[in-house]
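Q: Given chain A's structure and the hints, the job is docking chain S onto it.
Number of protein chains: 2
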Amino acid sequence: MHFPGMPAPLARVVEMLSSLPGVGPKTAMRMGLNLLTRPAGDAAALAQALECLHEQVGFCPVCGCFSEQGHCHFCDDPSRDAATLCVVEQPVDVLMMERGHGYRGSYHVLLGRLSPVDGVGPEQLRLASLDQRMKQGINEIILATSATVDGEATAHYLANRYQHAGVSVSRISRGVPEGGELEYLDEHTLSRALDQRVSWQHHA
Amino acid sequence: MHFPGMPAPLARVVEMLSSLPGVGPKTAMRMGLNLLTRPAGDAAALAQALECLHEQVGFCPVCGCFSEQGHCHFCDDPSRDAATLCVVEQPVDVLMMERGHGYRGSYHVLLGRLSPVDGVGPEQLRLASLDQRMKQGINEIILATSATVDGEATAHYLANRYQHAGVSVSRISRGVPEGGELEYLDEHTLSRALDQRVSWQHHA
Chain A
631 MHFPGMPAPL ARVVEMLSSL PGVGPKTAMR MGLNLLTRPA GDAAALAQAL ECLHEQVGFC
691 PVCGCFSEQG HCHFCDDPSR DAATLCVVEQ PVDVLMMERG HGYRGSYHVL LGRLSPVDGV
751 GPEQLRLASL DQRMKQGINE IILATSATVD GEATAHYLAN RYQHAGVSVS RISRGVPEGG
811 ELEYLDEHTL SRALDQRVSW QHHA
Chain S
631 MHFPGMPAPL ARVVEMLSSL PGVGPKTAMR MGLNLLTRPA GDAAALAQAL ECLHEQVGFC
691 PVCGCFSEQG HCHFCDDPSR DAATLCVVEQ PVDVLMMERG HGYRGSYHVL LGRLSPVDGV
751 GPEQLRLASL DQRMKQGINE IILATSATVD GEATAHYLAN RYQHAGVSVS RISRGVPEGG
811 ELEYLDEHTL SRALDQRVSW QHHA
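These protein sequence lines are chains A and S, in that order.
Every number in this note's numbering is 630 more than the matching position in the first sequence, counting from 1.
Every number in this note's numbering is 630 more than the matching position in the second sequence, counting from 1.
Next up, chain A with everything else stripped away, as it sits in the complex (with noise of 0.2 Å):
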């Protein structure tokens, strides 16, 4: 979106925040008109938390969550379950998933998923520390990765690849999301949700 006399470094912090995602040149307009006329101190505390953002977050050697030094958050807790392994895609998965307050495990993120189309194949994942992990007294494994096709088929492979090491492997359940009107779900949800009905006295 070219605006004809626009300063340059407005433009230049426009064109940045449009590449976010979720922000479309409009948006990104608005975001930057809001800075210039917002006192500078809220322009310059913004930069300031984006220069120490890759500084200051890394990643978990054990589990590949996110983590500002050495272990993160969830290895460093003696308080979680070592013997359950959850299996995430991403750092970020394991925020949502911990958003739900009921999980005590622990985790374990691969950083991917298989993926054939884009070359992604099992020694692009951080598998030799799984592999390392599940010699070390893991009791279930649950495979958290996304209910997507390359996903399940990480799923899959992940199941096949663990089976026989003495763990119990479960999946992630699929089916209705809360509050979800049966009016507006994808046939495939809806078939899978009466596939894999739960009998009413396990239903919570």
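Because the hints were derived from the structure by calculation, they are not lab data.
All clues given are correct.
With a straight-line Cα cutoff of 16 Å, these simulated EDC-like cross-link-like pairs (lysine to aspartate or glutamate) come out:
id	chain 1	residue 1	chain 2	residue 2
1	A	656	S	723
2	S	656	S	645
3	S	656	A	723
4	A	656	A	645
Since the structure is predicted, the reported quantities are computational estimates derived from the model, not experimental observations.
A: This is chain S only, laid out in the frame that chain A set:
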């Protein structure tokens, strides 16, 4: 939005991004994660651009538009008609006007609009410099304040202030926006469009 285990540097970026217009906590989270997964140089470049924003963007002392130094792009352009003044509320309105590419006159930014509710009176607007300019051979003043109650009141005030100054005073037209379906228009816009109908000969 609280994510247990989210690293503080990421949380800071997310919090600041979510203070921007049109950015909710979920979008801010997506933006923060996106910046974290992209090369560190991207976040650093955005930080750099933000640092420069207030330092390098100022306002033209004549018209009040954005300007990188001294007079703005428009006041410095000898091909623009200095005898026609388009009066707008904010510097961003100038950028919006320029997108139409049709206007070749000059601008004057009020830096606000009359708003009794917010305690904005004539003395808070850039009127002293407008009075000054009106004495320097202006032929027409175009009132391009917003089509809101306050914008309309501001236009009325300006029309009264300058109607005896020997200049032609005009107001940007109101009506159905380009591409507007009558079905979705509010009744005020529609009745205004009917009242201010233009003879077919004058209709472009």
